[in-house]
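Visitor: Chains as they are written, first to last, in this note's numbering: chain A, 1 to 333; chain B, 1 to 577.
Do not take every clue at face value.
To be verified - Partial list, derived from the structure: chain A residues whose beta carbon lies under 7 Å from chain B:
1) Asp33
2) Arg36
3) Met37
4) Gly40
5) Gln46
6) Ile51
7) Gln54
8) Arg107
9) Pro258
10) Arg282
11) Pro284
What the hints assert, rightly or not - Computed cross-link-like contacts, DSS-like style, restricted to lysine-lysine with a CA-CA straight-line distance of at most 25 Å:
12) B:Lys128 - A:Lys86
13) B:Lys159 - A:Lys83
14) B:Lys416 - B:Lys337
15) B:Lys128 - B:Lys159
16) B:Lys374 - B:Lys416
17) B:Lys128 - B:Lys160
FYI, nobody ran anything at the bench for these hints, they're computed from the structure. The C-beta atom is built at its ideal place from N, Cα and C for all residues, glycine as well.
Residue strings, one per chain:
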Amino acid sequence: MIRRALSRMAWALAVVWAVVTITFFVNEVIPSDPARMVAGPQARPQEVARIREQLGLDRPVAARYAIFAVRLVHFGTSEIDPKDPKHATCAAFGPVHVDLGRSYVQRRPVVTILAERLPRSALLAAAAVAVQMILGVAFGLFAAARRETVWDMATVAATLVGASIPTFLTGLALQYVFAYRLRWLPFDGYGKTTGAQVTALVLPAVTLGLFGAAFATRLVRDEVSAALALDHARTARAKGASRLGVLVRHGLRNALAPVVTVAGIDFGQLVGGAIVVETLFRWPGLGLVSVSALLDRDGPLIMGTVLVTSIAVVVANLVVDLGYVWLDPRVRV
Amino acid sequence: MLSARAIERTLVALATSLVVLGGCNAALEAPFAAAHPDDETPRRGGTLHLASIADIATLDPPIASDMFTSSVIRLVYAGLVDFDRNGNVVPDLASRVDEVDDGLAYRFTLRQGVRFHDGAELTASDVKRSIERALSPTTPSPTASFYQSIEGYDAYASKKTPHLEGVEVEGRYLVLIRLHERDSTFLPALAMAALRVTCPSAGESYSPSLSACGAGPFRVMPGGWERGRTLTLVRNESYFRPGLPYLDAVTWQLNASNPASQAFKFSRGEIDVVRDLSQTDTIRYEGDPRWKSFVALEPVHGMQGDSMNTEIPPFDNVEVRRAVAAAIDRDHIVMLKSSNLTAVTKPVPPGMPGYDPHFEGQRYDYAAALAHMKKAGYPFDPATGQGGWPAPIVYDLARPSLQELTAMSMQQDLAKIGLRVQLRISSLPTLYSLTHRRGKSQMSPQGWEEDFPDPSNFLEPLFSSKSIGEEDTLNYAFYRNAAVDDALARARSERDPAARARLYEQTERVICDEAPWAFEFAYRFFQAHQPYVRNLHGHPVWIADVTDVWLDRERDAVARKEAPLLRALSAGLGVAR
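Extracted from the complex, chain A is given alone in its bound form (with noise of 0.2 Å):
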């Protein structure tokens, strides 16, 4: 058991160190040029220069990526002072730091940019996730249990429906209805008490979670409509367990492995940042941030925020991997 998660593990850091490495390579190999990124399209090619010696872009490929590798994990003090020319820009755990160098354009640490992003952009995901888990889990299994009738049809369709409206236009819609016309609820943003905030975070969480929901009903509602069919289940029944605690206990706890999966692949993609209703609602997360480094070529931010995203999706499989052995008896073996 032990020794499997820690090939896992070792795994997946491999995994993390191509990606970043890749996403070195194939920015440099774009033509582009940060430094006029920064400087405005305006900027006199003087000014272009300077800049571009400031963040050290006159360098080769070779070195640049070198320090950053170097630079990425190190030791250092506990603590970090940011008036220290060299460990500014590092994020301390203890002894060992992190450095993910300065941003171009916001000139700040990109670790503090991804620590004040990161929670939430994975707060906003666990709320898409939980909304979708609810209502696949309810629909799905009503679903199951009222299959091959006008229900199941109905939450088939409602289904086909939730899964082929983009999010921006369910997002257009929900604020349309829920902010404009009712005024339940913000429009966007974050809010600055908790109050705000949760409430601030129902809308976008509901249109993700919605758009999540359609596939998780499907999945939910042939899983266990499957295991219902199995022999087991049905005898069970004959023996005379209610529909109910046949539908959960032989239904559900079958379908959970492959929903438990669905859900932990799309937590660590959220968490990367959910790009179109992070925009639509203001909420400042992830997803704006990689956005704008990929259109400025930031490339300190890009490299920050591919890094991020590969070890959210690397650990959310690891962690369902894990998961598997405790809701399957069987993998145990």
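With chain A held as given, fit chain B onto it using these hints.
Guide: Same frame as chain A, now just chain B:
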């Protein structure tokens, strides 16, 4: 019983109606009236709520590169001079500005008793420190070279001298700035963001962690700038112009990139001014008589067109370029986004010295365009479609951009004179790396927004041969004309405004005729404001000129109510974080 198909149809219909409802609700909300519409006496107090599609890039004056950021910096930091509502340079921190030494120096007499936001008095040495900080070679300033006519600039910028020789403190309230050559753009450039005076706490050199502090009408509320989210400025109670500003605070929602949400918020009174409306909403506001007095198009600050690389055939042939300039139907382009675009036929926007209202510039004339093609040696017969330039012309543009639309119109126009244009679409950074380098791009859409309102700011970077560079050029057309170079150099040091304007007029005529660019259109923002926002006006330079704006709102008349659910939750969980 309903069939499954019927249910599916109903659901789809319901979803569609919901979306349609969200997209275009039938009527515009009425404006929220001012409480005292006939009383012109300004009232103090209140917070002005604004939104911006963009983020603020920085609050450090020399780092600013875009007009929105510069306009906000201008509210926080006062400068020696500023622009008034007519675009004239007027004294600001200086009580007077004297030209001395035959235009080779300016003496600034500072107002006395001006206080920074942190309470310190602003004196001449702060001016010198701020200028040196801004122009220091370690400061990543995108505009430093605008000030290279200051004596000693080159030595200072190349770290040969520790101080900028040309800036002298002559007394506690006296600053002299000497130039090594006469420069008529110096004062307009000085009025921009870069050299505005920073508090002593900003230090002598650039640091990425500046806490914004100046002597402007507003100061940044502590913790009031959350990147990509909001910026709140509050009144500087000790501002040197007594009684101003009227507003307690002004706040921006940043990155408000969804025009539909902005329109919703505006009609609910959650924002008081809206500037980024969709085309549909713009037309509705424009057409509604109730809104007539509260909507306006902002002044034009720039222009857009197509740059033709004069070093790459067929554009090395002036007749082909003339043909392009005559073949493009600007009225048609403008129709693509009629509420925001206006046709442009020459490089310098109206309102600047040297803008000649009688000069037509480049004119759409199809027959003339065909004649120019013939003269160029590539006659084209529209009846048979034979002739013209044999190879396709590659036109570089970025996505997403307005030019994706306008390029198609241009493409159709040029096909009618025998020029087959192929669009090559890339991202903005890639586009820059093509169009800013020699020999990489044949033709591309280009534009220019004023860095400061002066014709030199348009003509020199774009059309002077001095601004051609191998690896990084702003003269995208690689256009060379000795007469243009000469006139631009003379105009820069010309002290007589009339003579200077004439030089720019002449230059503009040559450029329009030789057509390194086909000038096409300018983008104007359409702005709507609630009637209770008083004294709001467009400005020829700045975006939010709110120092003398005041609010005249009926108490509770405006629906800036918190949502009931939000209130309940805030009351229940109301822990400020």
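Visitor: With reference to the structure, classify each hint as holding or not holding.
Guide: Verification of the hints:
no.	hint	in the structure
1	Asp33	5 Å, holds
2	Arg36	5 Å, holds
3	Met37	6 Å, holds
4	Gly40	3 Å, holds
5	Gln46	5 Å, holds
6	Ile51	5 Å, holds
7	Gln54	5 Å, holds
8	Arg107	4 Å, holds
9	Pro258	26 Å, violated
10	Arg282	6 Å, holds
11	Pro284	5 Å, holds
12	B:Lys128 - A:Lys86	30 Å, violated
13	B:Lys159 - A:Lys83	23 Å, holds
14	B:Lys416 - B:Lys337	23 Å, holds
15	B:Lys128 - B:Lys159	17 Å, holds
16	B:Lys374 - B:Lys416	13 Å, holds
17	B:Lys128 - B:Lys160	18 Å, holds
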